[in-house]
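Participant: Could you put together the complete structure from these sequences and hints?
Each residue of the sequence shown is one higher than the one before, starting from 83 at the first, in my numbering.
Since the hints were made in silico from the structure, they are not lab data.
Note that the coordinates shown come from a computational prediction; the quantities given were computed from them, not determined experimentally.
From the three backbone atoms N, C-alpha and C, an ideal C-beta is built for every residue, glycine too.
Relax, there's no trap hidden among the hints.
Label pairs and their in silico Cβ distance ranges: (1) Glu-252 - Tyr-101: 30 to 40 Å; (2) Ile-104 - Phe-206: 32 to 42 Å; (3) Asn-109 - Pro-246: 36 to 46 Å; (4) Pro-205 - Gly-114: 34 to 44 Å; (5) Ile-113 - Met-211: 38 to 48 Å; (6) Pro-236 - Ile-104: 30 to 40 Å.
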Amino acid sequence: MVPFPGNLKESPSQTAGPYVHIGCTPNAVGIGGPYGEDAGARLVNDKTKGDRISITGRVIDGANAPLRDAMIEIWQADADGLFNSPLEKRGAADTNFRGWGRQAADGESGQFRFETVMPGQVPFAADRMQAPHAQFWIVARGINLGLHTRMYFPDEADANAADPVLQRIEPRWRVATLIASGARPNYTFDIRLQGENETVFFDV
Numbered sequence: 083m084v085p086f087p088g089n090l091k092e093s094p095s096q097t098a099g100p101y102v103h104i105g106c107t108p109n110a111v112g113i114g115g116p117y118g119e120d121a122g123a124r125l126v127n128d129k130t131k132g133d134r135i136s137i138t139g140r141v142i143d144g145a146n147a148p149l150r151d152a153m154i155e156i157w158q159a160d161a162d163g164l165f166n167s168p169l170e171k172r173g174a175a176d177t178n179f180r181g182w183g184r185q186a187a188d189g190e191s192g193q194f195r196f197e198t199v200m201p202g203q204v205p206f207a208a209d210r211m212q213a214p215h216a217q218f219w220i221v222a223r224g225i226n227l228g229l230h231t232r233m234y235f236p237d238e239a240d241a242n243a244a245d246p247v248l249q250r251i252e253p254r255w256r257v258a259t260l261i262a263s264g265a266r267p268n269y270t271f272d273i274r275l276q277g278e279n280e281t282v283f284f285d286v
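Facilitator: As structure tokens, this is what we get:
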């Protein structure tokens, strides 16, 4: 075996750096983009069906500090539990609901905010339904692979108790890391990357 040359240093890890924001949310970070509004800036319009809700939160690191350079995406079903996707075969989703949103965390507070609608239940298998939820994807400096998680609603206790995904989480106390706080129409969901009450992330 040839010894590793001492004059060669380890290459830096790949990282999202500022490039995610330059490419994905240029207007949000003040550099201007080809369009007046960043893709994913709005999930709803004035014709969207369903109960309007807001989801506000922060991405928090292991030192309990909010990440101010995170980018967060959200996916969810419409009020009837249908996805705005060509793969949706159960019926026609609300054409006035995008079903996907993207926000850059605020550069000072680290806060993100989505204006959306209360999602309907979606099937897990032929005879089982998932509780209403939103799926999150998070990327930031130092996060080499985007993190996937879910947010469930505290005022859907019965549906949450029967949710087949939540039922698989062990130890059971970690289920609470996926439940938002607040009540309709305003919810708060902080995503903790490490440490006490670390959010459950999914290998998707």
